[in-house]
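Trainee: Those protein sequences? They're chains A and B, same order as listed.
Just so you know, we're using the working numbering here: the first sequence kicks off at 1 and counts up by one.
Just so you know, we're using the working numbering here: the second sequence kicks off at 1 and counts up by one.
Quick caveat, the hints were computed from the structure, so don't treat them as lab data.
In this text, a Cβ means the ideal position worked out from N, Cα and C, and glycines have one as well.
Be aware that a few hints might be false.
One-sided and incomplete, this derived list gives chain B residues near chain A with beta-carbon spacing under 8 Å [to be verified]: (1) 12; (2) 30; (3) 81; (4) 84; (5) 128; (6) 130; (7) 136; (8) 137.
Some chain B residues well away from chain A (every beta-carbon gap over 10 Å; in silico) [as the list claims (entries may be wrong)]: (9) 5; (10) 17; (11) 23; (12) 45; (13) 53; (14) 94; (15) 97; (16) 110; (17) 113; (18) 114; (19) 119.
Partner residues aside, some chain A positions facing chain B, computed with beta carbon under 10 Å [to be verified]: (20) 2; (21) 4; (22) 48; (23) 52; (24) 58; (25) 59; (26) 60; (27) 128.
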Amino acid sequence: MFRVTRCYRFPASHRLHAPQLSDEENRTLYGKCNHPFGHGHNYLLEVTACGPVDDSGRAVDPERLDGLVERQVLAEFSHRNLNEEVGAFQGQVPTSENLAVEICRRLKRHWSEVFPGEWPRLDRVRIAETARNIFEVKAHEIQ
Amino acid sequence: MLITRKVEFSSSHMCRRPELSEDENRRIYGPAANPHGHGHNYVLEVSVEGDPDPVTGMVLDLKELKEILTRQVVDVYDHRFLNYEVPPFDRIVPTAENIARDIWQRIEPQLNSGPGRLRTVRVYETPDLYVDYCGEQPCSA
Numbered sequence: 001m002f003r004v005t006r007c008y009r010f011p012a013s014h015r016l017h018a019p020q021l022s023d024e025e026n027r028t029l030y031g032k033c034n035h036p037f038g039h040g041h042n043y044l045l046e047v048t049a050c051g052p053v054d055d056s057g058r059a060v061d062p063e064r065l066d067g068l069v070e071r072q073v074l075a076e077f078s079h080r081n082l083n084e085e086v087g088a089f090q091g092q093v094p095t096s097e098n099l100a101v102e103i104c105r106r107l108k109r110h111w112s113e114v115f116p117g118e119w120p121r122l123d124r125v126r127i128a129e130t131a132r133n134i135f136e137v138k139a140h141e142i143q
Numbered sequence: 001m002l003i004t005r006k007v008e009f010s011s012s013h014m015c016r017r018p019e020l021s022e023d024e025n026r027r028i029y030g031p032a033a034n035p036h037g038h039g040h041n042y043v044l045e046v047s048v049e050g051d052p053d054p055v056t057g058m059v060l061d062l063k064e065l066k067e068i069l070t071r072q073v074v075d076v077y078d079h080r081f082l083n084y085e086v087p088p089f090d091r092i093v094p095t096a097e098n099i100a101r102d103i104w105q106r107i108e109p110q111l112n113s114g115p116g117r118l119r120t121v122r123v124y125e126t127p128d129l130y131v132d133y134c135g136e137q138p139c140s141a
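Here chain A stands alone, though its shape is the one from the complex:
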């Protein structure tokens, strides 16, 4: 069994602000991340799929994975304001935890369009907001 990981990069902006909390509570909780006009990151996304090798000697066709990530993630997130332009973040704070979950959901939802067989399966999504802050979800944990 193999795990194949592909890395992608996208810049995007966000602002952390929970509408359930007061302005003062938001400032205390999120600090600089709550500044009203938002700020950006160069996100580094790692997508891992797992499976046995097929006749081609590969467990994953990286071109197909690239196409899926391009359509479902990069085309919609890259060079965007996540709060303003991504529907999923109209109702929830675009923390990188929520971003990892949203990316994982999108990939799971459309996985069978590019990988219709039993293998490969989506294994995990890992997102680095900066080089020091890294968030990871296992695909089986996400609905």
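Put chain B on the given structure of chain A with help from the hints.
Mentor: The following block gives chain B in isolation, referenced to the frame of chain A:
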């Protein structure tokens, strides 16, 4: 506890199967099917699992692991055209997956008599594409 040693090697390869047509090879492998070959700076990370020895405080002497990797992998793969010079890649396609499995098979017998147990072979074909092989069982890490 998991300990990891990293080594590098630079090799050329091509991904194509002789029983397939040129068009099929291009469709499956894309530019990697170029019959003249191309190269990568491969990075290999080998992780070994075990408990630190109560006297030495080490799971395994990383110097020994480095020597095994140098002898079994780097000396064999580095600055070689894998398809032509490194069996079994005269018979199987040197994808990153098959390279990871071949490395596992080369080093596992050297490690299983020692104090650590081989856990993962990770091969970076480029900084943006890597493969983990953990033997035939599913990778848990």
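Trainee: Classify the hint on residue 130 of chain B as holds or violated, based on whether any CB of chain A lies nearer than 8 Å to its CB.
Mentor: 5 Å, holds
Trainee: Given a cut of 8 Å on the nearest C-beta pair, is the interface hint for residue 128 of chain B held or broken against chain A?
Mentor: Nearest chain A Cβ about 4 Å off; hint holds.
Trainee: Does residue 52 of chain A meet its interface restraint, that is, does its C-beta lie within less than 10 Å of any C-beta in chain B?
Mentor: OK, holds: residue 52 of chain A within 10 Å of chain B, min 9 Å.
Trainee: Classify the label on residue 5 of chain B as holds or violated, using whether its beta-carbon is more than 10 Å from each beta-carbon of chain A.
Mentor: 19 Å, holds
Trainee: Report holds if the minimum CB distance from residue 119 of chain B to chain A is greater than 10 Å, and violated otherwise.
Mentor: 13 Å, holds
Trainee: Holds or violated: is the Cβ of residue 53 of chain B farther than 10 Å from all Cβ atoms of chain A?
Mentor: At roughly 30 Å from the nearest Cβ of chain A, residue 53 of chain B sits farther out than 10 Å, so the non-interface label holds.
Trainee: Hint validation: residue 128 of chain A versus chain B, beta carbon distance must be below 10 Å. Holds or violated?
Mentor: 13 Å, violated
Trainee: Can we keep the residue 12 of chain B interface hint, with Cβ of chain A closer than 8 Å?
Mentor: Since chain A brings no Cβ nearer than about 17 Å to residue 12 of chain B, farther than 8 Å, the hint is violated.
Trainee: Next item in the hint list is residue 4 of chain A. Is there a CB on chain B closer than 10 Å to its CB?
Mentor: 5 Å, holds
Trainee: Does residue 59 of chain A pass the interface check with chain B, least Cβ-Cβ distance below 10 Å?
Mentor: 5 Å, holds
Trainee: Checking hints one by one. Is residue 48 of chain A an interface residue toward chain B, by the C-beta closer than 10 Å rule?
Mentor: 8 Å, holds
Trainee: Per the CB criterion, is residue 60 of chain A less than 10 Å away from chain B?
Mentor: Holds. Min distance 8 Å.
The structure does not agree with the numbered hints 1, 3, 4, 10, 14, 15, 27 stated previously, though it agrees with the rest.
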